[in-house]
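Novice: Letter by letter, the chains look like this.
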Amino acid sequence: MTPLVSFQNVSYRVGGKDILRELNLDIESGETLVLLGRSGSGKTTALKMVNALLRPSAGEVVVEGTPTASWDPIRLRRRIGYVIQEAGLFPHFTVEGNVGLVPRLEEWPPEKIQARVQALLEQVGLPAEQFAARYPRELSGGQRQRVGVARALAADPPLLLFDEPFGALDPVTRVELQRQFLELRRRLGKTAIFVTHDVREALLVATRIALLHNGRLAVLATPAEFLRAQGEEARAFLACLDSQAEPA
Amino acid sequence: MTPDLAREIMDLTLEHLVLVGVSMGIAVAVAIPAGILLTRRAPLQRWVLGFANVMQTVPSLALFGVLIPLPFIGGIGKHTAIIALVLYALLPVLRNTLTGILGVDPAVRESAIAMGMTGRQLLFEVELPLAARTILAGVRVATVTTIGTATIAAAIGGGGLGVFIFRGLASVDTTLLLAGAVPAALMALLADGGLGWVERKLSRA
Numbered sequence: 001m002t003p004l005v006s007f008q009n010v011s012y013r014v015g016g017k018d019i020l021r022e023l024n025l026d027i028e029s030g031e032t033l034v035l036l037g038r039s040g041s042g043k044t045t046a047l048k049m050v051n052a053l054l055r056p057s058a059g060e061v062v063v064e065g066t067p068t069a070s071w072d073p074i075r076l077r078r079r080i081g082y083v084i085q086e087a088g089l090f091p092h093f094t095v096e097g098n099v100g101l102v103p104r105l106e107e108w109p110p111e112k113i114q115a116r117v118q119a120l121l122e123q124v125g126l127p128a129e130q131f132a133a134r135y136p137r138e139l140s141g142g143q144r145q146r147v148g149v150a151r152a153l154a155a156d157p158p159l160l161l162f163d164e165p166f167g168a169l170d171p172v173t174r175v176e177l178q179r180q181f182l183e184l185r186r187r188l189g190k191t192a193i194f195v196t197h198d199v200r201e202a203l204l205v206a207t208r209i210a211l212l213h214n215g216r217l218a219v220l221a222t223p224a225e226f227l228r229a230q231g232e233e234a235r236a237f238l239a240c241l242d243s244q245a246e247p248a
Numbered sequence: 249m250t251p252d253l254a255r256e257i258m259d260l261t262l263e264h265l266v267l268v269g270v271s272m273g274i275a276v277a278v279a280i281p282a283g284i285l286l287t288r289r290a291p292l293q294r295w296v297l298g299f300a301n302v303m304q305t306v307p308s309l310a311l312f313g314v315l316i317p318l319p320f321i322g323g324i325g326k327h328t329a330i331i332a333l334v335l336y337a338l339l340p341v342l343r344n345t346l347t348g349i350l351g352v353d354p355a356v357r358e359s360a361i362a363m364g365m366t367g368r369q370l371l372f373e374v375e376l377p378l379a380a381r382t383i384l385a386g387v388r389v390a391t392v393t394t395i396g397t398a399t400i401a402a403a404i405g406g407g408g409l410g411v412f413i414f415r416g417l418a419s420v421d422t423t424l425l426l427a428g429a430v431p432a433a434l435m436a437l438l439a440d441g442g443l444g445w446v447e448r449k450l451s452r453a
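Chains as they are written, first to last, in the working numbering: chain U, 1 to 248; chain W, 249 to 453.
Just so you know, these hints were derived from the structure itself, not from any lab. Hints are not guaranteed to be accurate.
What the hints assert, rightly or not - Simulated DEER-style distance windows between Cβ atoms:
#: 1; chain 1: W; residue 1: VAL302; chain 2: U; residue 2: SER11; range: 21 to 29 Å
#: 2; chain 1: U; residue 1: GLU107; chain 2: W; residue 2: PRO307; range: 52 to 60 Å
#: 3; chain 1: U; residue 1: PRO171; chain 2: W; residue 2: GLU358; range: 47 to 55 Å
#: 4; chain 1: W; residue 1: GLY298; chain 2: U; residue 2: GLN130; range: 48 to 56 Å
#: 5; chain 1: W; residue 1: PRO291; chain 2: U; residue 2: GLY30; range: 27 to 35 Å
#: 6; chain 1: W; residue 1: VAL302; chain 2: U; residue 2: PRO171; range: 51 to 59 Å
#: 7; chain 1: W; residue 1: ILE316; chain 2: U; residue 2: PRO73; range: 37 to 45 Å
#: 8; chain 1: U; residue 1: GLN130; chain 2: W; residue 2: VAL430; range: 50 to 58 Å
#: 9; chain 1: W; residue 1: SER419; chain 2: U; residue 2: PRO91; range: 54 to 62 Å
#: 10; chain 1: W; residue 1: GLY298; chain 2: U; residue 2: ASN24; range: 47 to 55 Å
#: 11; chain 1: U; residue 1: VAL172; chain 2: W; residue 2: ASP353; range: 25 to 33 Å
Keep in mind the model is a prediction, meaning the values are calculated, not measured. We put the beta carbon where it would ideally sit given N, CA and C, even for glycine.
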């Protein structure tokens, strides 16, 4: 079976600096691959290549068998859900407008959009009658993030990208949303690529963890294998588990 | 106030309004698209803003004077006045269009692109609505300034309330000065208040 997403010798250089170096990585349908790494390790850069927000300097990213360079970027992006930190909701759209955006761009009939928005809001635990007409500024950080997840799921994309989605939330809300993520994944069986610098979060949500260090793939392992991983960078991340301090 | 004066005030106020309306109409029609274009062409920003800046620094009476001898656009009369007023009004609208659009939260812009918006959709559904308030603030500043500057248009035969002011200055007649200045000031206040009201409406949406 061909992988859903495949990084093939992908490098990314900007201003003479190597952000990614010859990354090779396949993401199979149904898995949640976590890109773990420090700030500047290249994990977000790798993620943004999947929906062609960035283009590789060398190599190619293949999505559903077609290199991103050959995709119409608009078509590609509408098949990929995208969730970022602080959600990036449109402040001038209501919750309903935000969640229904991609269906509207895809010119679904209005009744179908409305029904879809309602169902999605229920799924992320925000009853539509209470939340649909609100604006993002009238929501808490956790609620905004839930709306962000609902928006990414709107057009039922086979692939979801998460860029530190829960990074700005308080620890309690973060755990709630991580649980919801697992619950949604169990129910919907979507493929996800999930960027985080939090090793606990990685171990919790991943089916496989790709640890990036200075733009290179340092470790690729299941969570169970990762716990036993050697290598300096993996040990550095695992050491966070022992410390009492809350990972940043 | 004699009926004749009252009637003349009405006529010249109307003329003033037309001067301001036409100039602002042209300025907005040029500056907003130009501002949008500049957000896509970063290297040009310095040049175009520089030109608009220079236009603003030229004393208004001098600008009117400089335009007179120019072929086609120059001469005595309304069209020269309008060209000068447009040149003045460009900068605030242009600059605010640029700042408004560039000020859109990068995360929001990135989301819009990542969700598969086309360039057009990004502009009309995200950037312009979010920049609307800033752009309108520029239009408001430009309108109020133009109402004031338009009084000088009378010096080159452009008509408007400046006619009273120049006549009053020449004949040292306070009544005439006030007949020009008071309606112009009221017009500026009304425009400021009205556009300010629309701005607040927009910011609530």
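Novice: Check the following: the C-beta atoms of SER419(W) and PRO91(U) are separated by a distance inside 54 to 62 Å.
Specialist: With Cβ atoms ~57 Å apart, the hint holds.
Novice: Can you tell me whether the CB distance of ILE316(W) to PRO73(U) sits inside 37 to 45 Å?
Specialist: violated, 53 Å
Novice: Please test the hint of 48 to 56 Å on the beta carbon pair from GLY298(W) and GLN130(U).
Specialist: holds, 52 Å
Novice: How does the Cβ-Cβ distance of PRO171(U) and GLU358(W) compare with 47 to 55 Å: does it lie in that range?
Specialist: For GLU358(W) against PRO171(U), whose Cβ atoms are near 26 Å apart, the range 47 to 55 Å is violated.
Novice: A range of 25 to 33 Å was offered for this pair. Does it hold for the Cβ distance of VAL172(U) and ASP353(W)?
Specialist: Holds, since VAL172(U) and ASP353(W) (Cβ atoms, about 26 Å apart) stay within the stated range.
Novice: Does the beta carbon distance between VAL302(W) and SER11(U) stay inside 21 to 29 Å, or does it fall outside?
Specialist: violated, 46 Å
Novice: Evaluate the given range 50 to 58 Å for the C-beta pair formed by GLN130(U) and VAL430(W).
Specialist: 54 Å Cβ-Cβ, so the 50 to 58 Å window holds.
Novice: Regarding GLY298(W) and ASN24(U), is the given constraint of 47 to 55 Å on their beta-carbon distance met?
Specialist: holds, 49 Å
Novice: Range hint 51 to 59 Å: satisfied by the CB atoms of VAL302(W) and PRO171(U)?
Specialist: holds, 55 Å
Novice: Between GLU107(U) and PRO307(W), is the Cβ distance one that fits in 52 to 60 Å?
Specialist: holds, 55 Å
Novice: Cβ-Cβ distance between PRO291(W) and GLY30(U): within 27 to 35 Å?
Specialist: violated, 46 Å
When held up to the earlier numbered hints, the structure conflicts with 1, 3, 5, 7 and fits the remainder.
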